[in-house]
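Enquirer: Spelled out from the first residue to the last, the chains are:
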Amino acid sequence: MKIKVFYFARLKETLKFSTEDLVLPDDVFASTLTLLKLKAHLAKRSDVWQQMLMGKLKVRGAINHVLVDDHAPISDGDEVAFFPPVTGG
Amino acid sequence: MKIKVFYFARLKETLKFSTEDLVLPDDVFASTLTLLKLKAHLAKRSDVWQQMLMGKLKVRGAINHVLVDDHAPISDGDEVAFFPPVTGG
Amino acid sequence: MTVRVQTQDFDAGFEISQLRSARKDTGAVVSFVGLVRDLNEGDQVSQLTLEHYPGMTEKALEAIVSQAQSRWNIFEVTVIHRVGTLQATEQIVLVTVAGAHRGEAFKACEFIMDYLKTEAPFWKKERTQAGERWLDAKNTDDAARERWNK
Amino acid sequence: MTVRVQTQDFDAGFEISQLRSARKDTGAVVSFVGLVRDLNEGDQVSQLTLEHYPGMTEKALEAIVSQAQSRWNIFEVTVIHRVGTLQATEQIVLVTVAGAHRGEAFKACEFIMDYLKTEAPFWKKERTQAGERWLDAKNTDDAARERWNK
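Residue numbers (this note's numbering), protein chains in the order written: chain A, 14 to 102; chain B, 14 to 102; chain C, 139 to 288; chain D, 139 to 288.
Please keep in mind that the hints were generated in silico from the structure rather than gathered at the bench.
Just so you know, even glycine gets a beta-carbon here, dropped at the ideal spot from N, CA and C.
Where hints are given, some of them may not hold.
[As the list claims (entries may be wrong)] Straight-line distance between alpha carbons at most 27 Å, and here's what the computed DSS-like set of lysine-lysine pairs gives:
#	chain 1	residue 1	chain 2	residue 2
1	A	29	D	276
2	A	50	A	71
3	A	71	D	276
4	C	276	D	197
5	C	263	B	69
6	A	25	A	69
7	B	15	C	197
8	B	15	B	29
9	A	15	D	197
10	D	263	A	52
11	B	52	C	263
12	C	263	D	197
13	A	25	D	263
14	C	162	C	263
15	D	245	C	245
[To be verified] What follows is a list of derived Cβ distance ranges for each label pair:
#	chain 1	residue 1	chain 2	residue 2	range
16	D	140	A	29	32 to 42 Å
17	D	149	C	266	16 to 26 Å
18	C	184	A	83	41 to 51 Å
19	C	179	D	284	47 to 57 Å
20	D	278	B	88	41 to 51 Å
21	C	179	A	86	49 to 59 Å
22	C	281	A	86	23 to 33 Å
23	C	266	A	86	17 to 27 Å
Next comes chain A alone, as it looks inside the complex (with noise of 0.2 Å):
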């Protein structure tokens, strides 16, 4: 499965990232792929992306451009988004 991912504000700051285009082999999860279990993974590769994502700070997730919790599926050809709680206004 293909996704595409983009980081905001602090989190594409200290990750370096601000989109990347991800495949994920199909057995790498047991079930549904999920917004937790996206963060899970993606925390394996260093210890700056583990803070960053399983750590204090509180991060929220949208996908194709609409909030949602830690356990929304993520489907094919979605666009995940991870960020910091928003600030605006």
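Given the structure of chain A, go ahead and fit chains B, C and D onto it with the hints provided.
Expert: Okay, now just chains B, C and D, sitting in the frame of chain A:
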């Protein structure tokens, strides 16, 4: 005692008075003159005055530019005003 | 505070800029503009005449703004209310409140409008096809005002 | 509805006039302008940079406005949010709501701001003398949003 009385909006139009100077003999009122007593006094002028000041129409009053209730006391030299509930804004 | 009662129109954008540039720690400006509706109680309104009590109006408005300023932590406030004859769609009133944060500015602005509607000596007379009629005060306005005392 | 995300400044007065002349039965226009404060958490702020999520921002704002329009009887709504680097005292956001009556316009305008603060993908980074820092979301903003669900 001498006071000035103003009338506004529907009261002014119906009574055909916008303002008048009133000289009231001190012995007309048993005790302190209040807004209510002044209304009752003016209402004796005619049926129209009775209707407008003591009838169904809700009348609000001000003494020296401050909204007050019917029991507020009036003193010599005061500026008194009668008007319907306000409808600005 | 700035309180004006006038026959001429006002420029809400200008008044908002004045307030927002008055202090560098202003974070929020909340504004209300009230307009003459062309429709009231199902009737077409062609014009509205606003009468007021010249000696009392400014004082009443200033007292309302002072109350808002003592209740909430806000900075500057501008209130402009027009009198005289206005056509449908014309502006009647502007209330603009500047503050550090939005919550208090919103509350103060709505409070000022609710009190203005029930305490400031203005009266409206509208002209419809059936003739002229004085508007009656609304119970909903009294209710809007009362909730601030809870 | 009008929703714009832009780097350039906006003219609140112009946007208010647009909304109030759109319909002749408009009686109330409530507006909020948010500004860059020169002071935050006790530190002098020289500038603010606003980042956003281009594909999502407009959609999120439109969804918030739609919610407001389904909750209250309001007419037109304009939301303009700036992105990029802004100096202290510059305008960040404008929310303008037109309606027949003030109560619903006030509620809808405040609702849109409370939801924008917690759901629209914008992030602020401020520059102070100590350097740059990303702002953390505030619990008070979450609380402001939550009260609409009661």
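Enquirer: All hints are to be evaluated individually against the structure, with a verdict given for each.
Expert: Consistency of the hints with the structure:
no.	hint	verdict
1	A/29 x D/276	25 Å, holds
2	A/50 x A/71	16 Å, holds
3	A/71 x D/276	12 Å, holds
4	C/276 x D/197	39 Å, violated
5	C/263 x B/69	19 Å, holds
6	A/25 x A/69	16 Å, holds
7	B/15 x C/197	24 Å, holds
8	B/15 x B/29	21 Å, holds
9	A/15 x D/197	24 Å, holds
10	D/263 x A/52	24 Å, holds
11	B/52 x C/263	24 Å, holds
12	C/263 x D/197	44 Å, violated
13	A/25 x D/263	13 Å, holds
14	C/162 x C/263	42 Å, violated
15	D/245 x C/245	10 Å, holds
16	D/140 x A/29: 32 to 42 Å	36 Å, holds
17	D/149 x C/266: 16 to 26 Å	35 Å, violated
18	C/184 x A/83: 41 to 51 Å	59 Å, violated
19	C/179 x D/284: 47 to 57 Å	37 Å, violated
20	D/278 x B/88: 41 to 51 Å	50 Å, holds
21	C/179 x A/86: 49 to 59 Å	53 Å, holds
22	C/281 x A/86: 23 to 33 Å	47 Å, violated
23	C/266 x A/86: 17 to 27 Å	59 Å, violated
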